[in-house]
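Novice: Spelled out from the first residue to the last, the chains are:
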Amino acid sequence: MILGHGKGVKNNMWTYDRQLQYPINIKRRDPKLAKVIISQYGGPDGELGASLRYLSQKFGMPDKKSKAILNDIGTEELAHLEMVGTIVHQLTDGATAKELEEAGLADYYTDHGWGVYPQAASGFPWNAATIAVKGNPIADLTEDLAAEQKARATYEKLIDLCQNNKEVTDILKYLREREIVHFQRFGEALNGVQEKLAQKKFYMDNINQVL
Amino acid sequence: MEEENLNRNELMRKIMDYKFAINDMALFLDTHPCNENALMKHNDFVKKYQECKEKYETAYGPLSIDTEINSWEKWVYDPWPWERSEK
Amino acid sequence: MCNNNNNNSLPATLCYGNAYVPNQTFKNIFSPAEGLSNGTMFPELVIPYYPNQSLAEMNYLRDYNERGCR
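Here the protein sequences come in this chain order: A, B and C.
First residue of the first sequence: 1, per our numbering; consecutive thereafter.
First residue of the second sequence: 1, per our numbering; consecutive thereafter.
First residue of the third sequence: 1, per our numbering; consecutive thereafter.
Bound conformation, chain A alone (with noise of 0.2 Å):
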């Protein structure tokens, strides 16, 4: 897992914590489950696309308020995308050709064996399509507020899909709460610029200078 600060030599910006944020011990093998959870590595609304997210708008965002929860919560997200990572591994690791084939993974199995591919559900690889930075603070912030939720939908898919394996759903629920308070800062955040555009009265002086 990876914390942007501390103390010590570093010759880069993030330094990696020998720890996952949450534990992960899986004991036993299903691929099938795997199939599915890999949409959170890879996919339209994982943790991968997330990260670049928020670590991509930092630069552009004005309020520093929303430049250190960008940077902040991005952060946090590469050491989620690393969980889901790790899930998918324990899932799939040391199974044979045929179990994956059974699992549906026979596809995944040929282009990746056991490796961890950033790619959704579908099958499709990992997309910058499916995020936006528009270098408007108040889109940016609300398409972020919109990309906790859906990541908070798909956990909640992914917890529907895997409710008989209490070790995989107990983790889905932590992340799945991780996105509610993410959305819950990005709308802080999101309340401050605002908040600080309406004391300007910008839009008044605006109009003022327009006619």
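Do not take every clue at face value.
Said to hold, decoys possible - Straight-line C-alpha distance at most 20 Å; calculated SDA-like pairs for lysine to any residue:
#	chain 1	residue 1	chain 2	residue 2
1	A	196	C	23
2	B	41	C	34
3	A	196	B	83
4	A	67	B	74
5	A	166	A	60
6	A	58	A	130
7	B	55	B	75
8	A	35	B	83
9	B	48	A	58
10	A	157	A	145
11	A	64	C	44
12	A	157	C	53
13	B	41	B	58
14	B	74	B	7
15	B	41	C	44
16	A	196	A	23
It should be emphasised that the hints constitute simulated quantities derived from the structure, not laboratory data.
Add chains B and C to chain A, keeping to what the hints say.
Specialist: Frame of chain A, contents of chains B and C only:
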């Protein structure tokens, strides 16, 4: 410190708990930077986290590449967090 | 920077065309262990989920499209 007699797993669990607390307080502080109460809690958790991390690293090996490392072998050959463990 | 302590849930002036989320105020927090287990340090942010709940919500919303202007 209550973390005196913890085994490796228990100590790692404490580290994860404190690290999580730090992270969630940090996100709150990003949108509430003036909240003294939250800041105090954050710093309390940081102290506990650092104590546990130091204790763990002394006994079991490095948790990041930016701590002093006696033997790089531990970093390379110890189990990585994403690997299934036998326990 | 820290002299404007807005402790209200919502900004003083709400504008049309804007979306707002109530600001969270700091109350109690879980212990770190409880926090990790719940997915947040803040009890008021916990929204639990049970399998099939989202489908139940869909059905509920579908059933509750009332006509009439009571």
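Novice: For each hint, tell me whether it holds in the structure or not.
Specialist: Right, here's what the structure says about each hint:
1. A/196 to C/23: 15 Å, holds
2. B/41 to C/34: 15 Å, holds
3. A/196 to B/83: The hint is violated at about 47 Å.
4. A/67 to B/74: 37 Å, violated
5. A/166 to A/60: The given pair, whose Cα atoms are some 41 Å apart, is violated under the 20 Å limit.
6. A/58 to A/130: 17 Å, holds
7. B/55 to B/75: 16 Å, holds
8. A/35 to B/83: 19 Å, holds
9. B/48 to A/58: Between residue 48 of chain B and residue 58 of chain A the Cα gap is close to 31 Å, so the pair fails against 20 Å, i.e. violated.
10. A/157 to A/145: Holds, because 19 Å separates the two Cα atoms, which is no more than 20 Å.
11. A/64 to C/44: At roughly 26 Å apart (the allowed maximum being 20 Å), residue 44 of chain C and residue 64 of chain A break the hint.
12. A/157 to C/53: 9 Å, holds
13. B/41 to B/58: With Cα atoms ~26 Å apart, residue 41 of chain B and residue 58 of chain B exceed 20 Å; violated.
14. B/74 to B/7: 18 Å, holds
15. B/41 to C/44: 17 Å, holds
16. A/196 to A/23: 41 Å, violated
Hint compliance for this structure: hints 3, 4, 5, 9, 11, 13 and 16 are broken, all remaining hints hold.
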